[in-house]
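J.: The hints should help you fit chain B onto chain A, whose structure is shown.
Listed below, chain by chain, are the residues.
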Amino acid sequence: MSDDTHRFEAVYRATYDQITAYAGRRCDSPQDAADVVAETFVIVWRKIDELPPGAQARLWVYGVARNVLADHRRSALRRQARHRDLDAEMADLYGDLADHSVERNAIAQAFATLPEDDRELLALLAWEGLDRREIATMLGLSRNAVRIRLHRARRRLSRALEAADVRFTPTDAVVSTGRSL
Amino acid sequence: MRDSDEINELLRPLARISPDEPGGRVGGARAQALFADIIAQERNTTTEAVLLRRPRRRGLGRRALLGLAASAVLALGVVLGPSLLGGVATSYANSAVEIHEEADTYVARIKNPYADERKFSEAFRSLGLNVELRVIPVSPSAVGEIVSLGGGITPVNVPIGARKEPADCDLTGSGCFMVVTVPAAIKGTPDAVHFELGRPAKPGESYENNHQPATRPGEPLAGVKVSGRTVDDVLGEVGKRGLSAEFRRVVVHEGGYTVEPLAADQVGGDWIVFKVIPAREGVVGLEVTAERQTGLEYAN
Numbered sequence: 001m002s003d004d005t006h007r008f009e010a011v012y013r014a015t016y017d018q019i020t021a022y023a024g025r026r027c028d029s030p031q032d033a034a035d036v037v038a039e040t041f042v043i044v045w046r047k048i049d050e051l052p053p054g055a056q057a058r059l060w061v062y063g064v065a066r067n068v069l070a071d072h073r074r075s076a077l078r079r080q081a082r083h084r085d086l087d088a089e090m091a092d093l094y095g096d097l098a099d100h101s102v103e104r105n106a107i108a109q110a111f112a113t114l115p116e117d118d119r120e121l122l123a124l125l126a127w128e129g130l131d132r133r134e135i136a137t138m139l140g141l142s143r144n145a146v147r148i149r150l151h152r153a154r155r156r157l158s159r160a161l162e163a164a165d166v167r168f169t170p171t172d173a174v175v176s177t178g179r180s181l
Numbered sequence: 001m002r003d004s005d006e007i008n009e010l011l012r013p014l015a016r017i018s019p020d021e022p023g024g025r026v027g028g029a030r031a032q033a034l035f036a037d038i039i040a041q042e043r044n045t046t047t048e049a050v051l052l053r054r055p056r057r058r059g060l061g062r063r064a065l066l067g068l069a070a071s072a073v074l075a076l077g078v079v080l081g082p083s084l085l086g087g088v089a090t091s092y093a094n095s096a097v098e099i100h101e102e103a104d105t106y107v108a109r110i111k112n113p114y115a116d117e118r119k120f121s122e123a124f125r126s127l128g129l130n131v132e133l134r135v136i137p138v139s140p141s142a143v144g145e146i147v148s149l150g151g152g153i154t155p156v157n158v159p160i161g162a163r164k165e166p167a168d169c170d171l172t173g174s175g176c177f178m179v180v181t182v183p184a185a186i187k188g189t190p191d192a193v194h195f196e197l198g199r200p201a202k203p204g205e206s207y208e209n210n211h212q213p214a215t216r217p218g219e220p221l222a223g224v225k226v227s228g229r230t231v232d233d234v235l236g237e238v239g240k241r242g243l244s245a246e247f248r249r250v251v252v253h254e255g256g257y258t259v260e261p262l263a264a265d266q267v268g269g270d271w272i273v274f275k276v277i278p279a280r281e282g283v284v285g286l287e288v289t290a291e292r293q294t295g296l297e298y299a300n
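If you read the sequences in order, they're chains A and B. The opening residue of the first sequence carries number 1 in my numbering; numbering runs sequentially from there. The opening residue of the second sequence carries number 1 in my numbering; numbering runs sequentially from there.
Bear in mind the hints are in silico, worked out from the structure with no lab data behind them. Small disclaimer: the values here were computed from a predicted structure and weren't measured. There are no misleading hints in this set.
What follows is a set of in silico ranges between Cβ atoms, one per label pair, in the way DEER data are often shown:
(1) Gly128(B) to Glu162(A): 44 to 52 angstroms
(2) Pro166(B) to Ala164(A): 52 to 60 angstroms
(3) Glu103(A) to Ser244(B): 29 to 37 angstroms
(4) Arg104(A) to Ala40(B): 37 to 45 angstroms
(5) Pro53(A) to Pro183(B): 34 to 42 angstroms
(6) Val251(B) to Asp71(A): 50 to 58 angstroms
(7) His6(A) to Asp3(B): 38 to 46 angstroms
Backbone N, C-alpha and C define an ideal beta-carbon position, used for all residues, glycine too.
Only chain A is shown next, with the shape it has when bound in the complex (with noise of 0.2 angstroms):
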């Protein structure tokens, strides 16, 4: 097997996981967020000379899959049109959270609400767990850059939220259950 191929391998057992999670939190049905993981490797493939080393690596191909991402979403918009009925068929089977809690649907109402780059600085933080220098690394911007813009969408949304009248509830109010005797 060539260098090219071992490094190829490398980063792909290393970013397939967090690269179909997220595809699979973005697009609106599994075969669009199969074709972006798929061509997002093959992307990668082939420039794979241009690959960063160490964690950088990990940063870049998120880089990538955010590309494809938007590539595909525009010509997702231009089939829309035909196919409007079947992508909400296939959205509804696939994209429904589990949890349709009223005030789970008002944070999800609330966030879709905001510019489509809010809502990707705000999910590469909660979703894929990058902080900020990895984040500005992804997107080649300063890290000024990124807290400036992640400043501005947290405030659009404490807004969007207000608006919604979502109050925030901690989670972890039990401290344990469910043991047997």
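T.: For chain B alone, coordinates are given in the frame of chain A:
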């Protein structure tokens, strides 16, 4: 404006694939098929040409991502041994753990017990082992021990071992590692084997082995009878040892009980202690009821 932690807390449940769940299986057949398809392509072909040969036909279709969940691996892992194409790898290392196969047993050396807990399971999964390992902060007597097996309360019959390297070294010092052994026979089993390994707690960190009594050997109340005595009596024992106490209310249900947080000023001195558990360094938790309960089995 809400702070960053609060917003994270609000947004995490919205993720279709939870940030906490382990997920996409790089060792799985779909991942391997995609990998094989991609590296079969010439690197200089155009994207369109490559994508025509996407692995749909190999099964990465609309159902491929259903049920996948996330794993946030913070650093690149290194796989050694046979490649994705040539079979299953036999060893794996990331910054948290190093696993290798040795005479029908997988030996996992915990390099960093304080690492993101998802890294441990990720390492096992990379070797095709359906093992979920959590390394949890525990009270001194449980450090280096398997604290639970089978996802908390369901026992499983898998001989998982734990030891220290070098033997009997001090885990709070340097050069001392926890090692876990998992029989290779569990490979391919459909149900995940869950187990928890105890590590030393950081200063102020809460113990997660709080189902084990604080009266076990090696614990601050070792050998003291507490179950069935009054709160005042037990607080006397606690105070004598320079410890402080917190309280949890025991709520008895059919077939079990739960514990709930309870403020100290709500507890009477004549209340009855069911059990004392380690809470964190210097602090024990008294599990109490207002009156003696017939549904509880008080220890002798």
